[in-house]
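Chemist: The residues making up each chain are set out below.
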Amino acid sequence: MKVSTDHILTSHSGSLPRPDELIESNRVREAGEPTDEGAFQQTLRAAVGDVVGHQKDLGIDVPGDGEFGKSVGNRVNYGAWWNYAFQRLGGLDLAGPSLDHMTPRRVRAGEIVLTNAASRRDRVRFVAAYADPVSGVFMGPRPATGPVCVGPLTYTGHEAIKADIANFKAALAAAGVEEGFMTSVAPGSAYRIPNTYYERDEDFLYACAEAMRKEYKAILDAGLVLQLDDPATATSWDMIDPEPAVEDYKKFTMVRVEALNHALRGLPQERIRFHLCWGSWHGPHTTDIPMRDIVEVMLAVNAGAYSFEAGNVRHEHEWKVWRDVKLPDGKLILPGVVSHATNVVEHPELVAERIMRFTNLVGRERVIASTDCGLGGRVHPDIAWAKLEALAQGAALASRRLWR
Amino acid sequence: MRSSSNHILTSHAGSLPRPDALIEAWGANDEGALTQQLTTAVAEVVRRQKESGLDVPGDGEYGKAMPHSVNYGAWWRYSFVRLGGLNMGGLGLYELPARRSRPGEVVLTSFADRRDRTRFAAAYADPDSGITTGPRPANHPVCVAPLTYIGHEAIAADIRRFKAALAAAGLEEGFMTAIAPASASRIGNMYYKTEEELLYACADAMHEEYKAILDAGLILQLDDPAIAENWDQINPEPTVEDYRKFTMLRVEALNHAIRGLPQDRIRFHLCWGSWHGPHTTDIAMRDIVEVMLAINARAYSFEAGNVRHEHEWKVWQDVKLPDGKLILPGVVSHATNVVEHPELVAERILRFANLVGRERVIASTDCGLGGRIHPDIAWAKLDALVQGAALASQQLWH
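Sequence order for the protein chains is A and B. Residues in the first sequence are numbered consecutively from 1, following the numbering used here. Residues in the second sequence are numbered consecutively from 1, following the numbering used here.
This list has only true hints and no planted wrong ones.
The following label-pair restraints were derived from C-beta to C-beta distances:
(1) E51(B) with R105(A): 31 to 37 Å
(2) G170(B) with T103(A): 44 to 50 Å
(3) R286(B) with T103(A): 51 to 57 Å
Far from chain B, by Cβ distances over 12 Å, these chain A residues were calculated:
(4) P97
(5) I165
(6) E199
(7) K331
(8) R400
Just so you know, these hints were derived from the structure itself, not from any lab. Built from N, CA and C at the ideal position, the CB exists for glycine as well.
Okay, chain A solo, but in the shape it has when bound (with noise of 0.2 Å):
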């Protein structure tokens, strides 16, 4: 993994806006009507060309395929980083209940179960917010059904991998870069759906493991940077009701971070990077768990690097974290200096500052300058493109004053 050596560099959390020619493509054939698969690839091919060389353009020094691979049937999405996965592992029934529609699930003291999507405590908290169609919290169409373990979970998407990796390998290479990252799901954050075939929650977690690693090996062989996405580490305290102890919590996640690292063993830490968000949807997000409380559970996760949000209003301030936690040696951090959760686009000058905080406690060497989370589907394409210039712009101007 390439390091901040003379100047800041800049990546992303990975979701890029996708081309409409391509989401129409993906819309076809997520509906099953009949496609030229041929065709098909040729676009997605075509767009990952485009995404890396326009990041090139903009100044981004570690881009990312955009997740071109993981389908998007409309423009405005929040799930493809997770339902993707669904297409690639065997064993489940996709025509179960949709996660929304699930029954809400309580927990007593001492116990940790997550709660359907639609008992959240800042959708309950904020309920007419979320349901009011001018409020902004729209999320895009929904889908209908849900995924249901039923059967030995497997790794399937091999022949998909193969095709993103070359897809963006030769990208890169076209656009004369010498690193990129690409997103998985962890398990963790791909296991949270019902299971009818595993006795115990945690055998189902770990067979995810087992099943993605596949997954995270191919991306590492490849040369390329794997970019662990697992919001699950800090959003499943909001899907938790009513609120547990931090403790509880704690110990809840552990359990999933240690399949992750289990998932990672022998793999190559120092190209691995991991993702935390708080979920990335425009709601009012005051249910979400302090990073104080959970900063050690993701620094336990054997990973080179560590992205997360912090250019939104939520977590602005929890800079100040990285005044009594200390970063481990040889590690880096990516926080999130431009965010999907406004349109306002960040002026050069915030980033610098938002980056300048952050190198005065770890090191200018240890921050990579990127986004609060994927902006692909969360704001308007054109409002996303600005966003990076002005990532790159406010890196380059926290670089001017770090290395004078």
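Chain A is already provided as a structure; the job is to place chain B on it using the hints.
Modeler: This is chain B only, laid out in the frame that chain A set:
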């Protein structure tokens, strides 16, 4: 005007969410229902602000017509029914023809031709982008006869309701907004020979409203986004010098309008426009701060809680706030649905307090929250504002 003598005072920029029944009454234009709704709604909104812990409440701008829950224009359009000499048959703001400026010759173009809107035309046009500003009025006023103030009864009723609400809540100090001439004069003109004449006619007419609010013992807040957001409405981008000259004329007209009035109870609100757009063409605070400070107000309210202007606290490292004056930086904002963490609110307040002194900062919002964000989120943001101010006060007066 109270200053933060033993804790950081809290206030906001004016507009608060209207109850549904009031929005309906405005839409139905039923005078009887409206009067009844207004009396109870103003009492309730003042009580609720007190309960939230806000130190300097307003009337939520409830007396300014808002017929739809998404609304960005009540602060301005209310003046069209309080000014005589207008004909409402002019073209809508978006239908007006574009006008090009030249060096030394600055003119405002149409809303459709604003520079940020032009740059992000697809995003502004996309109903899913979140930039919608609600139903657009199809018409806009044209001045066709001498401008006069005809809102005496309306402002008297606003004042009466607000003062009764303050008394019922046991509160001494409250603020009421009124539009400044620069912002009010952005209408068609077929009567006055020059723009300057129209501007001063507007200043003289609106003076009556300012005087009524101040005579009633209230704080007057002058809403004047035109000072900052006109920049984006000039196409192509002018030089800063040309813009300052253009804007100083408007400041002088405002100072003319408030001549002889008690400066101690006047606060000024600057903003870059509250729509949820990218705002990449906002003029920098550094370029207009002296223009703002030339206004004869005691206190200045401005956006500082959104990602385009948050870094501008640094302006106060170089610019001296004149003795005796106060600032009301926005530390929570309408620009995101995410509710500000109280720790962030405190951090923002402390940045200002460290530069200008704790007694000279009143914590406020970027812009009005009413009509721009869901009501429940608006109130949660005011709670966060109060909690953050309390955290900052603990640090500043420990």
